[in-house]
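For reference, the chains in residue letters:
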Amino acid sequence: MEIKVLGPGCANCFKMEELAKTAVKELGVEATVIKITDIGEIAMNGILSTPGLIVNGKIKHSGKPLPSLETVKEMIKGEE
Amino acid sequence: MLKDFAHYVVYSLFGMEQGRLAGAAEFFIYDTIKIFFLLSVIIFIVSIIRSYFPPEKTKRILSHKREFIGNILAALLGIVTPFCSCSAVPLFIGFIEAGVPLGVTFSFLISSPMVNEVAVVLLWGLFGWKIALIYMGTGLLVAVVAGMIIGRLKLEKWVEEYVYNIKSLGAAVDIAKQTFKDRLLYARENTTEILKKVWIYVFVAIGIGGFIHGYVPEDFLVKYAGPQNPFGVPIAVALGVPLYSNAAGVIPIVYALMEKGMSMGTVLAFMMAVTALSLPEMIILRKVLKVKLLVVFVSIMTVTIIGVGYLFNAIL
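Protein chains in written order, with my numbering: chain A, 1 to 80; chain B, 1 to 316.
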C-alpha cells in the first residue's frame with residue numbers, strides 16, 4: 001500500500017506525517033509513507049489545502065483540522 | 001444588562017471609587033466581554049458555513065466562470081473558504097488547472113485574507129456595525145475590481161510556465177461525508193483555535209483604547225492624517241503595504257489611530273493595505289507569478305485601496 005502525505009512543511013504537515021506513520025505501525029499493515037513537499041507535485045495530486053493524505057491514489061483528507069488517529073486508521077483500513 | 005454587570009463588578013465587587021480609573025475599568029470589562037462574546041458566536045457560525053465550502057468545492061464553482069459574476073463569487077467565497085497563506089501556491093495552481101480565470105483567482109486571493117469574520121467582528125465590536133459593514137463591502141469591492149483589472153490586462157503570460165504544464169493526476173476524491181455533528185465539532189475546534197490566536201490582540205486593543213483615551217490628546221493625528229490632509233491616504237497605504245499582520249493584529253493600531261483623529265477612510269485603507277498585501281505572501285506567490293505580475297498586482301491593489309480611502313473620506 002502507498003500512503004502519501006502532502007504538505008510544504010508547516011507544523012500540521014509534520015503532525016499528519018506522524019499520524020500516518022503511527023496508524024501504519026499500530027495497524028501492522030504493509031505500507032510505505034511518502035512525504036511530498038514539492039508544491040507543484042502537491043497541486044498535481046489534486047490537493048488544494050495542506051496537509052493532504054492520499055491512500056492508494058485516493059484523496060482521503062485535505063486541509064485543517066487534522067483527522068484523529070482513529071480516523072486515519074479507518075482511512076487506511078478501508079483501502080486494504 | 002452587560003453594562004449593569006460591568007458596573008456591578010467595578011463598584012460593588014471591587015469597591016472602586018467613582019472616577020477616571022473606575023470609568024476605564026468599567027469600559028474595559030464591558031468591551032472585553034462584548035467582543036469575546038461576539039467573536040465566539042460569529043466565528044462558530046462562520047465555521048459551520050465554512051465546512052460546506054472546502055477549497056475543492058470552491059474550485060469547482062469558480063471553474064470557467066465569466067468575468068464579473070466570477071469575480072463577485074470569488075470574492076464572496078474568499079470570505080468563507082478556509083485558506084492559509086501557506087497553501088496559496090497549491091491553491092493557485094489548482095484553480096488555474098481547473099480552468100478558473102486568472103482575474104477570478106486573484107479576486108479570491110485578495111478577498112480571503114482581507115475580509116473575514118475576525119476582521120468584521122472586531123470592527124463591529126469596537127466601532128459599530130456600520131463601520132464593519134463598510135469595511136466588508138469595500139473589501140469585496142476592492143477584490144472584485146482589482147481581479148477584473150488583472151483579468152482584462154490578460155497577464156496569463158506572466159504566470160510561470162510550469163503552472164500551465166501541471167496536469168492533475170486525477171486522483172479520486174474519497175473524503176468521508178461530514179455529518180452535522182462533525183461540522184459542529186469542527187466549528188468548536190476552529191473557534192477555539194482562532195480565539196487562542198487573537199485574544200491577546202483584543203486585550204491590547206481595548207487596553208490601548210482606554211489608555212490613550214485619557215493620556216494622548218484627542219486630535220493628536222488630525223493635523224497629519226485628518227480629512228484635510230490630501231496626502232493622508234496615500235501615506236497610510238504606503239506605510240501599510242510592507243507591514244504585515246492578520247486582521248486581529250492590526251486592530252490595536254487601527255483603534256489607536258481612529259481614537260486620535262485619523263479619518264475613517266484613511267484608517268480603513270491602512271487596515272486593508274496591511275492585511276491584503278504583505279512581503280511574505282509575495283515571496284510565496286513568486287513561486288507561481290513572475291516579478292512583473294507581482295509588481296502589477298501590488299500596484300493595482302495600492303491604487304484601488306487609495307481610491308477607497310478617498311471615497312470614504314469624501315462621503316463619511
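What the hints contain is simulated information worked out from the structure, not anything from laboratory work.
A hint or two may mislead.
What the hints assert, rightly or not - Pulled a few chain B residues facing chain A out of the computed Cβ check, cut under 7 Å:
(1) 4
(2) 94
(3) 96
(4) 99
(5) 191
Claimed, not checked - Think about it this way: if two alpha-carbon atoms lie no more than 27 Å apart in a straight line, the pair counts; the simulated DSS-like pairs of lysine-lysine are:
(6) A:77 to A:58
(7) A:25 to A:64
(8) B:157 to A:15
(9) A:64 to B:196
(10) A:73 to B:157
(11) A:35 to A:15
(12) A:64 to B:287
(13) B:292 to B:167
(14) B:181 to A:77
(15) B:157 to B:65
(16) B:292 to A:73
The C-beta atom is built at its ideal place from N, Cα and C for all residues, glycine as well.
Violated constraints from the hint list, given by number and in increasing order:
Going through the list in order, the structure violates hints 1, 3, 4, 5, 8, 10 and 16 and respects the others.
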